[in-house]
Amino acid sequence: MTFAETPRTPVQLRACAKTFADGTRALEPLDLEIAGGETLVFLGPSGCGKTTTLRLVAGLEAPDPGGRVLFDGQDVTPLPIEKREVGMVFQSYALFPNMDVAGNVGYGLRVRRVAEAERAHRVAEVLEMMAIGDLAHRRVDQLSGGQRQRVALARALAVRPRVLLLDEPLTALDAALRERLRVEIDALLRRLGITAIYVTHDQSEAMALGDRIVVMRQGQVAQVGPPREIYFRPANRFVAEFIGTMNLLRGSRRGGRLQLAGGELALTAPGAPGEDLPDAVETEYLFRPEAVEVISPEDASLSGRVASALFLGDRTRLVIEGVTDRPVIAEAAGRREFADGDRVGLALDPRDLLRLPG
Amino acid sequence: MLHGTTQKRGWGFWAQLAFTLLVCGFLILPALLSMLAGVTVNFFQGLSSGLTLKWVFQVFELYSDTLLLTLGVALGCLGVTLLIGVPAAYVLTVRQSWLTRLIEEVVTLPVAIPGLAIALALLLTYGGFGEFRRSWGFILVGHVLYTLPFMLRAVMAVLASIDIRTLEEGAASLGAGFWTRFFTVVLPNARSGILAGSLMVVTLSIGEFNLTWMLHTPLTKTLPVGLADSYASMRLEVGSAFTLVFFVMIVPLLVAMQTLSRLERRARSARPLADDRAQAPAVKATAVETVR
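Chains as they are written, first to last, in the numbering used here: chain A, 1 to 358; chain B, 1 to 292.
It should be emphasised that the hints constitute simulated quantities derived from the structure, not laboratory data. All values reported here derive from a predicted model rather than from experimental measurement. Built from N, CA and C at the ideal position, the CB exists for glycine as well. Any given hint might turn out to be false.
Stated by the list, open to error - Capping the alpha-carbon separation at 20 Å, the derived lysine to aspartate or glutamate pairs in DMTMM-like fashion look like this:
| id | chain 1 | residue 1 | chain 2 | residue 2 |
| --- | --- | --- | --- | --- |
| 1 | B | Lys54 | B | Asp65 |
| 2 | B | Lys54 | B | Asp229 |
| 3 | A | Lys83 | B | Glu169 |
| 4 | A | Lys83 | B | Glu168 |
Unchecked claim - Estimated spans, in silico, between C-beta atoms of each pair:
| id | chain 1 | residue 1 | chain 2 | residue 2 | range |
| --- | --- | --- | --- | --- | --- |
| 5 | B | Leu27 | A | Ala62 | 55 to 65 Å |
| 6 | A | Thr283 | B | Ala160 | 54 to 64 Å |
| 7 | B | Pro252 | A | Phe20 | 43 to 53 Å |
| 8 | B | Asp163 | A | Phe20 | 15 to 25 Å |
| 9 | A | Gly73 | B | Thr166 | 26 to 36 Å |
| 10 | B | Thr166 | A | Asp174 | 19 to 29 Å |
To be verified - Partner residues are not named here, just some residues of chain A that face chain B (Cβ under 10 Å, in silico):
| id | residue |
| --- | --- |
| 11 | Arg84 |
| 12 | Gln91 |
| 13 | Tyr107 |
| 14 | Leu109 |
| 15 | Arg110 |
| 16 | Val159 |
| 17 | Leu356 |
Excised from the complex, chain B in its bound form (with noise of 0.2 Å):
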């Protein structure tokens, strides 16, 4: 179908493509609307007023704090899940007991409990430690606990479809011990996963704002909660601005998310070549010889 019909397409066809174009349009005008309403002179008078980059500098000069915030945050998350995540998954995937699912179960939650309620609890047990709470380390335990079964997930999906059970005893009979297996082994086959997972956790973590409301302080806002602020208390044009950077920056994520399931999955459907029925060669006919 993809690959050009030669028959004529009937008028169902225009119909469905008009429908979508008609759903996509929707959806994308409201979000074009705004990037271009942060370059716009005056939101009010229209675009005759003229373009002008003014409020994305005004942006970068009142948020550039932000800004370097949640990128410090989403590295950081991402470091965190990395270091606890994919040794965390490779232990659920070799390890399977009832432990472990329920080990799995219980870092699911907070994916299925509402921000607000984990940002709650935290506050309510930790919120005491002045420190601690004033840190953006505070908005970093949140992060961590929102994203890591996500970066779980990716890479115990993986380890799961290539058998890493059998591969590390493959591993361990041609003498590697363990972690000469992990490195060698697990590790570098575990990597789309891995790969996917960070991607995944870095987007999640610029983009989280339920979670990061609750914990913020005015001095540890993230981009999301200075895009809440700048609606909130500034003209309509910087808010767009801000809409229009945050998009700059989480675009290239999500394409890099796509093109890397897409290459997965080209990958997986690499099928084995068919048997080589008559080609290859038997082993060295000297060898049969000397035994006969």
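With the rest of the complex left out, here is chain A (with noise of 0.2 Å):
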């Protein structure tokens, strides 16, 4: 099979900033390495800068003077687009309207005049690939949604890009197709093994695809790192809040143990070694809704009282309030049924607890 032979092309960003006509900064210089074959997503909010960061890489922007872009060590900042061989996926898809779908697919080889036979021949192999073989003849107005992602994905695979860039490839879809072409995707980029950069808002997107996710703020890298690292040890708060669910407690510490309105909590296991920290007389500690265990208050040294309870199937997410200044979100397994107003305690692994600078 020919797309064994993907490249797997390293990248590097060198102090890559971008400044807009305008003066707007959206992106601080930033330096990243990009191994050969990882896909990397980008994450973060709107107006982070994680379409700039891609549009860099791309050839699409140039970066401020002094930025460098390179490909498998090679310099590619001075080139444009078309010469960096790069396949790129849009949120809009950016099909052309004028070419049928095996038109579209094959419009980066006749680009580079590849000839017919091979044409019509990697066209059918790429079109195969992605389950999609049996509509070459087409018309993009033709496609449902799903089937034009498909062949934006077809037609960028298609010129055996160095890079691979996806740009939201999955925003414009419904829930449901997206999490079935997330899987796809997911399953491509491992087959291939091709270097892909990924940008997304979607926190589950970037779990489940990236090998590291960026995570970005305001033209700021937030925090890079593997996505168990990302979720189990956020850098910031900002990390922390942006990603999944977090739960604050504010109290003071005494004598390694967190004082809260609802009780107390130790905060380090017996027989573990903890931090010996000082006392504070306010201090915050996070932790994720799944780490606290629901049990019956008498057994519990912190306890709080159910304002509202949300039956999911598989488990049950309470709010509880009374634990802390804010309300705590829990999650119950179980066919256990809680009513509002409910004493519940809550017993909490002082490992998963997360101290972070704001």
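Mind docking these for me? Both chains are given alone in their own frames, and the hints should help you get the complex.
So this is what it looks like as structure tokens:
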């Protein structure tokens, strides 16, 4: 299979900053190494600079003087996009309405003057791979959203790009389809082993697809790391609260225990070496809803009152008040039913607690 | 409503229909009478004098040169507006800035300014260049000034509606340089706008009177000027025959324009198909297998 020979191009960004003509700083100087064959996801709210970064790699934007983009050690900064040999999938797909599916997919090969027989062969191969062989002669406006998405991917891959760039490729689709295509894209990227840069504002997409995630905020990198690290060991409050749900406990620390409105919490596990932190009048800890165990209030040193219970099938999502000054969200597994006003106890492994700079 | 309602139509419907037909009749009747006059032996005696093509032939004899000139100017005008208008529309769409908006406004001005004023300005400025003043090129310049905004608007509207910038970025990402993109992506996708603009330009150029009347010389007369001339100096029947010739030329163009805009509307209302939840197969199962 020809796609085994996919290049695994490492990409490097050196001091890449971007200031737009109107003076807006879209990206602070960024240094980033992307390993060959890696899938790197840029994640962040809109306006955080993630798309700008992608466009810098693509060659659709030039970095401010001093910034450099390297593919496999080669400086591609002065090259426009058409010379960079990248494959790009746009949020709106940007399929050419004047060509049918095969025409779109074969466009890059036509531009490269690949002989017609070879071109037809390669187009058929990519269409087959994307399971859209039967759509070859459809017009673009006769395709569904999901089909368009596949055609856009096929078109980007047909030229065997050095790097695959995806700019929010699933945002325009409905939730169910998005979920399915996410699995497909993941399988495809892993199978091809191509270096891929993926931009999204959807954290579950980022978690599912990324070998590493770059969380961005206001033109700066908030954290870079594998999905598990981003989730379990967020570097700062922004990352912790942007990814998933985080609870905040605010209280005073005395003798290794956290004093809260709803009781107290051991900050070191028995037998485990804990941090020896000085006492503090006001301190904050964070934890994820799934880290807390809902137990009976008699057995717990920390308790609160159920403010609302949302049955989700496999678990019940509880909003608990009276634990600290903010409501705490907890998830209870099993069949137990909760009514508003119920007193519940909370058990928390201190290892699941995070202390983060603001 | 259009597709046959089953309920009985009330008197309101018939009243409206009658009124509409009356208005249409009022508007169409003069045109019909005028054309009929062109094939009547003697208009003042009425149809009883018999029908003839004599006047039509006489028009061809006397004004065939204006006919050719009109077509020549229209086609020349089309050529120039295509050559200037299409690239200009592209630039104005892709590069949005205060300058391009200003240019767009300035180029559109001739639509609002009376043709006479434009003609006067042209005469004041270039009237001294004798050769140019006497050539049909002088009329061509006036027509280009007047029709260019129509070409520009038609092409710009289409380019804006298809998000040409992203399409071009897509083409560029696949390795296409500027000229390749322009000829394989920009022009083909602007086709409907170019076609609509072209029909508009030709129709307007053929029918243009205000400007042309000021700019023409006895040797450079276009159809509408000839029409005015024949009404002023010939038998009424000849002038009417002239109207007939004019109609025969212009009506197919108008019909083509209507057809085109209808096709365009239909193409645009074609929505993408609903999403294929169940039947679309997942990317080859084997592909997934090799990964796990």
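Problem set entry | Per-residue hint verdict: Arg84/A, partner chain B, C-beta under 10 Å | Holds: closest Cβ of chain B sits about 8 Å from Arg84/A, inside 10 Å.
Exercise. Between Thr283/A and Ala160/B, does the C-beta distance stay in 54 to 64 Å?
Worked result: 56 Å, holds
Exercise. Does 15 to 25 Å hold as the CB distance between Asp163/B and Phe20/A, or does it fail?
Worked result: With Cβ atoms ~20 Å apart, the hint holds.
For this session: Take the C-beta atom of Leu27/B and the C-beta atom of Ala62/A, compute their distance, and say whether it sits inside 55 to 65 Å.
Result: Since the Cβ atoms of Leu27/B and Ala62/A sit about 60 Å apart, the hinted range of 55 to 65 Å holds.
Exercise. Once the shortest beta carbon distance from Leu356/A to chain B is found, is it less than 10 Å?
Worked result: With a minimum Cβ separation of about 35 Å from chain B (threshold 10 Å), the hint on Leu356/A is violated.
Exercise. Can the hint on Tyr107/A be confirmed by a CB-to-CB distance to chain B that is less than 10 Å?
Worked result: This hint holds: Tyr107/A lies near chain B, its Cβ roughly 5 Å from the closest one there, short of 10 Å.
For this session: Classify the hint on Arg110/A as holds or violated, based on whether any CB of chain B lies nearer than 10 Å to its CB.
Result: 8 Å, holds
Exercise. Within 20 Å, alpha carbon to alpha carbon, are Lys54/B and Asp229/B?
Worked result: 19 Å, holds
Problem set entry | Val159/A as an interface hint toward chain B, with CB separation required under 10 Å | Holds: closest Cβ of chain B sits about 6 Å from Val159/A, inside 10 Å.
Problem set entry | Whether the CB-CB distance between Thr166/B and Asp174/A falls inside 19 to 29 Å | 21 Å, holds
Exercise. Does the structure keep Lys83/A and Glu168/B at a Cα separation of 20 Å or less?
Worked result: The hint holds at about 14 Å.
Problem set entry | Whether the CB-CB distance between Gly73/A and Thr166/B falls inside 26 to 36 Å | 31 Å, holds
When held up to the earlier numbered hints, the structure conflicts with hint 17 and nothing else.
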